[in-house]
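Visitor: As a plain string of letters, each chain reads:
There are 6 protein chains.
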Amino acid sequence: MRAQNRQAQQMREIEMIPDYIKHPEGSVLVTFGDTKVICSASVENRVPPFLRGKGTGWITAEYAMLPRATEQRNIRESSKGKVAGRTMEIQRLIGRALRSVVDLSAIGERTIWVDCDVIQADGGTRTAAITGAFTAVGLAVSRMLEAKKITENPLSGFLAAVSVGVNADGEVLLDLDYNEDSTADVDMNVVMQSGGKLVEVQGTGEEATFTRQELNEMLDLAEEGIETLFALQKETLGAFGEKLDAARKEETSNVT
Amino acid sequence: MRAQNRQAQQMREIEMIPDYIKHPEGSVLVTFGDTKVICSASVENRVPPFLRGKGTGWITAEYAMLPRATEQRNIRESSKGKVAGRTMEIQRLIGRALRSVVDLSAIGERTIWVDCDVIQADGGTRTAAITGAFTAVGLAVSRMLEAKKITENPLSGFLAAVSVGVNADGEVLLDLDYNEDSTADVDMNVVMQSGGKLVEVQGTGEEATFTRQELNEMLDLAEEGIETLFALQKETLGAFGEKLDAARKEETSNVT
Amino acid sequence: MRAQNRQAQQMREIEMIPDYIKHPEGSVLVTFGDTKVICSASVENRVPPFLRGKGTGWITAEYAMLPRATEQRNIRESSKGKVAGRTMEIQRLIGRALRSVVDLSAIGERTIWVDCDVIQADGGTRTAAITGAFTAVGLAVSRMLEAKKITENPLSGFLAAVSVGVNADGEVLLDLDYNEDSTADVDMNVVMQSGGKLVEVQGTGEEATFTRQELNEMLDLAEEGIETLFALQKETLGAFGEKLDAARKEETSNVT
Amino acid sequence: MRAQNRQAQQMREIEMIPDYIKHPEGSVLVTFGDTKVICSASVENRVPPFLRGKGTGWITAEYAMLPRATEQRNIRESSKGKVAGRTMEIQRLIGRALRSVVDLSAIGERTIWVDCDVIQADGGTRTAAITGAFTAVGLAVSRMLEAKKITENPLSGFLAAVSVGVNADGEVLLDLDYNEDSTADVDMNVVMQSGGKLVEVQGTGEEATFTRQELNEMLDLAEEGIETLFALQKETLGAFGEKLDAARKEETSNVT
Amino acid sequence: MRAQNRQAQQMREIEMIPDYIKHPEGSVLVTFGDTKVICSASVENRVPPFLRGKGTGWITAEYAMLPRATEQRNIRESSKGKVAGRTMEIQRLIGRALRSVVDLSAIGERTIWVDCDVIQADGGTRTAAITGAFTAVGLAVSRMLEAKKITENPLSGFLAAVSVGVNADGEVLLDLDYNEDSTADVDMNVVMQSGGKLVEVQGTGEEATFTRQELNEMLDLAEEGIETLFALQKETLGAFGEKLDAARKEETSNVT
Amino acid sequence: MRAQNRQAQQMREIEMIPDYIKHPEGSVLVTFGDTKVICSASVENRVPPFLRGKGTGWITAEYAMLPRATEQRNIRESSKGKVAGRTMEIQRLIGRALRSVVDLSAIGERTIWVDCDVIQADGGTRTAAITGAFTAVGLAVSRMLEAKKITENPLSGFLAAVSVGVNADGEVLLDLDYNEDSTADVDMNVVMQSGGKLVEVQGTGEEATFTRQELNEMLDLAEEGIETLFALQKETLGAFGEKLDAARKEETSNVT
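As they're listed, the protein sequences go chains A, B, C, D, E and F.
Going by this note's numbering, the letters in the first sequence line up with residues 32 to 287, in that order.
Going by this note's numbering, the letters in the second sequence line up with residues 32 to 287, in that order.
Going by this note's numbering, the letters in the third sequence line up with residues 32 to 287, in that order.
Going by this note's numbering, the letters in the fourth sequence line up with residues 32 to 287, in that order.
Going by this note's numbering, the letters in the fifth sequence line up with residues 32 to 287, in that order.
Going by this note's numbering, the letters in the sixth sequence line up with residues 32 to 287, in that order.
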């Protein structure tokens, strides 16, 4: 039995509070059960040196946890003077995922800094962070369009992520909480764009291995969960969310 | 005219949401107008090496800001690999202030780690942090008493802080917001315990100087503002707040 | 056309020179085409603090490149004073992969340090590193068994890795070289144990996305390539390789 | 009884040796009893990036102690690879204090680097450092005027600092030595400009609290002590000191 | 008796494999007995800031060891986050030695980065590194001449180094291996250019002292050993080596 | 012509002020012309981990310069967060030199920390530092003997160092000042013990090379200069200096 009587294929309660903090161009508090992440998108009118004068923009992401976001307090990375390997791995993942869905040439010579700060952790912080990061970028982009700073929508669809895993009984579970994650035999993070397009698949069995069949079951489940996230993103982005959804559907039907 | 028609001697809207995050022994979201700080108190059953075996505890504090807590995004201190001088100054101040009000021998061989993370900044983050830090410690202490982990209340009263300053027109202002702070001639942070006891007075006139009279006016104003904060702390701490207030008053009357 | 007229489903020339350097308990120079990695396994008679007194061992891995292993010289990480995110990601991957195939309780309170140093890079350094790392560990383990320092074989099979990808023409390729890797739309690293067991699957489409069908084609191709690597590992490990292969087959037939 | 039969309101023996080291534009060895600090002012013909092209200068300060300036040897900050919080706090204080007395627009696009290196410590190193730093800057400025590198005196008066405190018997003391400082209940550093203008007031009661009356008594005592320091600065600066004193007095009388 | 029946005045087996790795402009694997160092010379078309626009080039060197190049595994300097004093000392020595033999104005505004990576250590790594570094630079330079990127040979001769020492029996030894080095009373590194010109002499007697006579015997022996190294460098550099030798001899005879 | 009409074989004015700072067990301000170094010896009653329980002591040295000890201000190493290669090289040299003259088993399980802080630099800082470091150690040792903390003199003689060089005119010079050092073709530092015993010889010709004959001339000159330093050390150490000199002479005559 999962906590709160969840079914194996059921997401936790998901929530997105847009404009959670006032300074960023776009921000959201995203909640997956007890996991809470403040995601913000900051637009800066310049690009890193390697892109200067090329007429294209950049997106980069950072991820951190408050020291007591977790059961045990963690030492701050600023006090240790270095960023942990796990943190680097996650922020590289968030950045790559976002760059797959944003047409960088359409945002001009700007950098979008995405900050994902976990204020409370209960498993799945990286997938919540990706999902919230896209929403924050969506909010920032919709305002840049409104303010006519950019003229063309740079987003090719929605982007969200979820974790799936196999527990010790061989059961495939969606959206693992911390207890499930730490006892799972296999753990997989799936990032997708709307339209069923895979962006990242990271499956790991540290203490165990997994079969092709398990891989497929996990992917099926992830796909279902991610659809829920796309729906909430659409709603949170309001009118811009509607347009984004319509544009994507049209594009897909054109293809067919 | 101050923002929101505030009077010179008027605090911004103050709010405290206890138990804002679930893992810490005590936590609060403290709000001074648009300044929002998550304060948490984590109790650890050991002390730093220099205190081992001495039967006494320790309190230490850390302070940080989310990169986009401010108007302009700041680079993370973890990315820079070092903690800024300003941050160190503030966390040393918070720690010293808390140690003035906590009887460390009454908490046993435990460390209370206090984390103050500014999620939105609009001036006065260090004074909001001290005020919230005390509240988080109060919540943690009340639970340690309830759980009979400690038998005696280690707190000698309430502790809060506020900023005061002198603007370019020579007007003395209470609880400066960011705009006021960055244009003020003199800026002072006052930390007090209930009963009118001064803990820290830090007055600075970088571009200007100040007189003894201005110093006194600022202190008078700070004292008034801090009383408001004590009242809200008392309320937020519930039954424990009542007891703390009663104990302090009795002690004071005994003295008299 | 691939370099050296390679077929899409063809590995580069693979070579393993055992005992390439004399001090480590096990070492190998592994070559995938022009990619060359010195892998060494160092056995130390102690474990990290969190494992002391638990009767179990530990395996950890480090990865680095000589500054001029690449087309352009890279600044040394020791000069920069910090390890890059990419490096951390790779060494965490190598460590996890090795821990999936080694029974840590069977090596006693020992740490096996695995060092993978790329002396020449032409794509696929992380998969070559994992493949060589296992071989170096196999050599070290076989000597520990011979010297009766351990009594039971801690390895549950062979372990190897390969990269696969989809190029701009939608063609699925095995074992990408640097040119192919930098122009591929999708890049996937697959780590497997003998017996067709998946250990890690990391698929990424930074500039593009991929479908479930492409994912499956890539996995099919990876599985074929990895079989070649298992064969060479078996040969390089000599008598111990034979035994390992036999033990694994028996176990599998028992299961059936 | 204080060491050397000092009265509560008596400074230690104060000495300033100008031009103590030969390379800096201005330097002084300042002595407060057994506390000895080498202060030097280095003039550089450029400013930090944020000031370039604005026609204004900058002053910044650094503070350090020789490892064996103290009773117990301290590890060098260069060996530890980071500057301690206490050091940062002090150097920020020295810099702010100096900037309050120097008209930066009158020194042109130059940076004055002030280095305060404690070669022997016996309490009050930060106040000795501020007092010596001003003197070193005064020497450097007088030579810039003589050499006609600048045409206008950028200093608005003298600047000095002293510590005051309350001991366990409730006695208010001036210019605490190390023993007094480490047993005092309250410790306050006061920075003033000539003319009775307050620049910084930093009062702290870590183990104790203090009253408004004690604060006022400490400020009275500090003011007296600082007058002695102004007199010695005037003498040490020679003819330039005379002019600075005269200019300031005239300005004050104009005001009245 | 020395290992492998070596005579006191005999070098270990020396080998140089040119173009050992493919990317650098020049590279060599140099072997002194069991000491093996990969030396590479990377030519970059720019110079450090202090040389920009001066029409002259720069040579700098870095030195490192694989963690298990030695009997005991060493922690990576990148993991420690800082370069050890010994490493810095060696790379400064290699750089200085190379700059003594290269006419920097003849290589134009280019930097030659020399990397010496010890893959197996058995004493004398720094002298092997210098000897190999020169050879790698020689290969790079000969190609720059061939490609007419430079028109004039910037090398004034060959450059090599060897260690000499005095053992506990007072015997003077050439080219010490690790065992000899760690038990020697005196250890000296000698760097020479062809033509008997001394470049660096670094003699150390940590546990002992040495006499002028011992110094002279060591220098005599070093000179003999280095001649062997020059011969191998000449051979390794092929036609360019011949020319370099001829030019040097002519120059010398001109002098006479 | 040398500055102040010095002869080629003449030392600068040398001075040693013992007990220059009060806290260290031994300290001296050593002056070679305009080069001034505070050397202190701090005795600590413990040894580094690798020596614990072995009944022997340790000596280690650190070297630093005040930022404005030089013509141009240098950035502090603590601000840069790392110790420069030059600094490491020098402090390793000072430590090695001291360990050659101190019988570590005779000081018990103690560490002597030697700090050499250059307050004014004009060439030859490392040789002045070695010379002063020995004197500070001598003072500390004589007091440990007086206080009967140790019973046996651990020093085997005096220890001093001087620089010698060859200028552009081929003239061999003793004790180079900064101008001479920066224009010299060859620069050599010689460390000796009394009795003519060589401890370190470090000769370098970065822009030039040198001959065996020049090497010998430099050594002759260094030996003469160092005798002057021994005489001053003897005098500075007072009664202990006399005994040390007598003991050494006796030992030498015994040998003969």
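To be clear, the hints were calculated from the coordinates, so they are not data collected in a lab.
Hints are not guaranteed to be accurate.
Same chains, same label: a pair holds when it works inside one copy or across any pair of copies.
Listed next, the in silico BS3-like pairs over lysine-lysine satisfying Cα-Cα at most 30 angstroms (straight line) [said to hold, decoys possible]:
#1 111 <-> 85
#2 53 <-> 113
#3 280 <-> 111
#4 53 <-> 228
#5 280 <-> 113
Visitor: Run every hint past the structure and note whether it holds.
Guide: Results for each hint:
no. : hint        : verdict
1   : 111 <-> 85  : between (37 angstroms within a copy, 27 angstroms between copies)
2   : 53 <-> 113  : both (29 angstroms within a copy, 27 angstroms between copies)
3   : 280 <-> 111 : neither (47 angstroms within a copy, 43 angstroms between copies)
4   : 53 <-> 228  : neither (33 angstroms within a copy, 36 angstroms between copies)
5   : 280 <-> 113 : neither (44 angstroms within a copy, 45 angstroms between copies)
Of the numbered hints stated above, those contradicted by the structure are hints 3, 4 and 5, listed in ascending order.
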